[in-house]
Amino acid sequence: MRRARVAHGGAVHNAVAHPQGVRLADGRVVAEEAVVWLPPFEVGTVIALGLNYADHLKELSKELTVTAQDEPLAFLKSASALIGHRGQTRRPADASFMHYECELAVVIGCRAKNVKRADAMAVVAGYTVANDYAVRDYLENYYRPNLRVKNRDTCTVIGPWLVDAADVPDPHALELRTFVNGRLTQQGNTRDLMNDIPALIEYLSSFMTLDAGDVILTGTPDGVVNVNVGDEVVTEIEGIGRLVNTIVGDAAFGRA
Amino acid sequence: MPTPVRSPSLPSPRGTVYGSLLNFRSALDALGDQIHRPPYKTPPRAPVLYIKPRNTLAADGDAIAVPEGVTGLEMGASLGIVIGRTACCVRETDALSFVVGYVIVNDVSVPHDSYYRPSLRFKCRDGFCPIGTPVAREAVGDPNALTVVVEVDGVEVQRASTTGLVRPVERLLAEVSEFMTLHPGDVLMVGVPAGAPRAGAGQRVSISIPGLGRLQNTLIAEGTR
Chain Z
-16 MRRARVAHGG
-6 AVHNAVAHPQ
4 GVRLADGRVV
14 AEEAVVWLPP
24 FEVGTVIALG
34 LNYADHLKEL
44 SKELTVTAQD
54 EPLAFLKSAS
64 ALIGHRGQTR
74 RPADASFMHY
84 ECELAVVIGC
94 RAKNVKRADA
104 MAVVAGYTVA
114 NDYAVRDYLE
124 NYYRPNLRVK
134 NRDTCTVIGP
144 WLVDAADVPD
154 PHALELRTFV
164 NGRLTQQGNT
174 RDLMNDIPAL
184 IEYLSSFMTL
194 DAGDVILTGT
204 PDGVVNVNVG
214 DEVVTEIEGI
224 GRLVNTIVGD
234 AAFGRA
Chain X
508 MPTPVRSPSL
518 PSPRGTVYGS
528 LLNFRSALDA
538 LGDQIHRPPY
548 KTPPRAPVLY
558 IKPRNTLAAD
568 GDAIAVPEGV
578 TGLEMGASLG
588 IVIGRTACCV
598 RETDALSFVV
608 GYVIVNDVSV
618 PHDSYYRPSL
628 RFKCRDGFCP
638 IGTPVAREAV
648 GDPNALTVVV
658 EVDGVEVQRA
668 STTGLVRPVE
678 RLLAEVSEFM
688 TLHPGDVLMV
698 GVPAGAPRAG
708 AGQRVSISIP
718 GLGRLQNTLI
728 AEGTR
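So the sequences go chain by chain: Z and X. Residue numbers are given in the working numbering: position 126 of the first sequence equals residue 109, and the series is strictly consecutive. Each number in the working numbering comes from the position in the second sequence (counting from 1) with 507 added on.
Just chain X, with the same shape it has in the complex (with noise of 0.2 Å):
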């Protein structure tokens, strides 16, 4: 796999994070009928969105600490687009002309069962967002068709593909910027595939892209870092 060179002209990530939750057909999928019960009641509308602070924020390499009571951290491999210009009420049909590049993003979570009202203290634990390097729009071809494989300890745990989003891109970006404008630098996540992969301390975690290359962490145990 060629080695992802950051074009000069891209912004690094350094606007929000944003994730995207049950965009993947998967995923909406794996809660079956209860959305029809309550908690939820009802399908998601309009995207479900969360937000990834600055302390969760990593690189390649970095170490992720896996708390203490905790077996394994979920491993929520996902395409993140990243905006180059800003991005208002945009229409579907001239979305990408707002990307500037992409880039693999891993969505660390503690493990929950629920989606109603989920503690910060499950997504938003410092290191918990490790993003990759940007790659240009133009290198990258077709979003909506790429693989994100996920491996722990060099063994494929999950393969998916972006053909499989309930929102593709181009809607994805046109449904949120109808309320909440994007900014250059800001990150959105497409979403993760249903059965996230688990990984604990001393395991490795690689995701990777066709195009965008690889990003790898280290699982560690908090407070041996």
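In isolation and in its complexed conformation, chain Z is listed as follows (with noise of 0.2 Å):
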């Protein structure tokens, strides 16, 4: 099943995916471009990797002074920096070099706390996509990667679907790709991942109880290259989904 949370005729629906675009739990078909697509599930913690990808680590290791480690680079971001599937992302007229990351997200569904690698696909309850945007001019070298690189509003992009986890035979096999304006720019394969989605969930449930709409964003491979104001950016995962979002500048936001 692919589900998602849309507005239309002014309410919040649950919905999933249809032919002609999505069907509300009350029946209707609605097209695509007729509703407001909102993240696809009550959004908890949010958990991103930094640097899960070799291909990623070696493209920004000058930048960075790390190298491939044990420990996950994982940090946090609020549900408020979510934005879903057609929705505007705002880029601030001082950035030089604001960048896309195409990401697997893995929804956890239920409680789990020191949950070992071989159970640990059991909690998951489906895949999303997300599109978890830097603006690196900001980025400064305490608690890295700081919030006001990672935590702005609209600067993290998820769905259009939850895809339950039952319909996805083998997450750690596809495709991703982030195409702007048509032309792609990014492309990588979970398979590549440094930490595996067990390897994440067992790390994290270690120290930290994890909760039915937590969603763990798995990183980015190679390829993240600058975009700018009425750029679309389309990440899409391989039977997950294709996530849409426009680049908008300061004045839509009524910043000078």
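Simulated from the structure, these hints should not be mistaken for laboratory data. None of these values were measured; they are calculated from a predicted model. Take the hints with a grain of salt, since some may be wrong.
Among the chain X residues that face chain Z by a calculated CB cut under 7 Å, a handful are [as the list claims (entries may be wrong)]:
| no. | residue |
| --- | --- |
| 1 | R561 |
| 2 | Y623 |
| 3 | R632 |
No residue lacks a Cβ here, since even glycine has one placed at the ideal position from N, Cα and C.
Two independent chains are provided; combine them into the complex using the hints.
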């Protein structure tokens, strides 16, 4: 099942995929363009991984002065930074390098503490696509990556669908692609995750209780490039979804 | 000290809890010349923030579990600002109108030396963020002149004043809300003073701020809950 949360006709609805768009829980079928797409589940704690693909680590290693290490580089974002499919993301006028990050998002389905690797996949409710923007200009060397880079309003796009785990036979063999204005700019495959999904769940749940609605953004592969106002950014994961986002300027947000 | 009463209009702090790092001059000074050397290279420009996720939230009286192999946990006493209405791009001059109240927060950490990219396992363990009872803003007075006292087993181990903030409450709200909207129920900690005291299993920690009451928790060895 592919599930969504959308606003339509003055209310928020649970919906499922339909050949003509989405089917709302009340039976109406509505076109993709006729609904407002929200994050596809009630979002709890948002955990994001840095440098979880070997090629991306290599890409950024000069700047980051890190190397592959045993402990995953995890950081947190707040649910309020999230927006849904077909939303707008603000690019601040003073930024010189703002880039997308196409990531497989793993949504937790139940309370989970001290989960062993062998049992980890059982706590996964499903998967969705995340586009986790970063504004590199604001990077500082305290509690990296700092929230001004990674927790900006509108800068974490998620959706369109929460795809049931049962419908994804192998989440470690999914092609990731990002298109900017239709041009392929980023490509990778979840088989190259340095810490795979069971490893991340075992690691995180060893010190923090995960709960339904918590989501792990598993990191992004090589190929991040700057985006500009007016760009359409499509992050796509094979079998999971195609997440569309548009970059807008300060003026749209009432900023000079 | 009077017992704080939760006013009916105060939202419970069920939003996101944010911490501020190095927002006490004492904490920044303690880093000394290190802020000019790798990995930091330059002093912080914008507020340095982090998130205490929902699994860390705890209440007055809850036990704090000390993980195996750790002798003492840092007791990060902080004034928490409770947001009352949606705050985006607020100006310093009216920043306090977005504040519904204040609350005592204990930002518990496993001691760690580096501020560069600390692991989540230092600050995000279950129960590592006890929060007291919010008190209405009008009852608290100037948030930039509050004394924060930490006691371990009844002995005072730290005393600091929010007069020592690098960014006073109004300025912190202005700079943070420039890039991320704060929502009703969110809590923004103003920061922890230098030299957070440590406490170990079997000890009792108490944080008090005049007008905000007292937040008390006991530390226990993990697995003995």
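Okay, the hints, checked on the actual structure:
1. Given the 7 Å rule on beta carbons, the hint for R561/X holds: about 6 Å separates it from the nearest Cβ of chain Z.
2. Hint on Y623/X holds. Least Cβ distance to chain Z is approximately 6 Å, under the 7 Å limit.
3. Look at R632/X: its Cβ gets to within about 5 Å of chain Z, closer than 7 Å, so that hint holds up.
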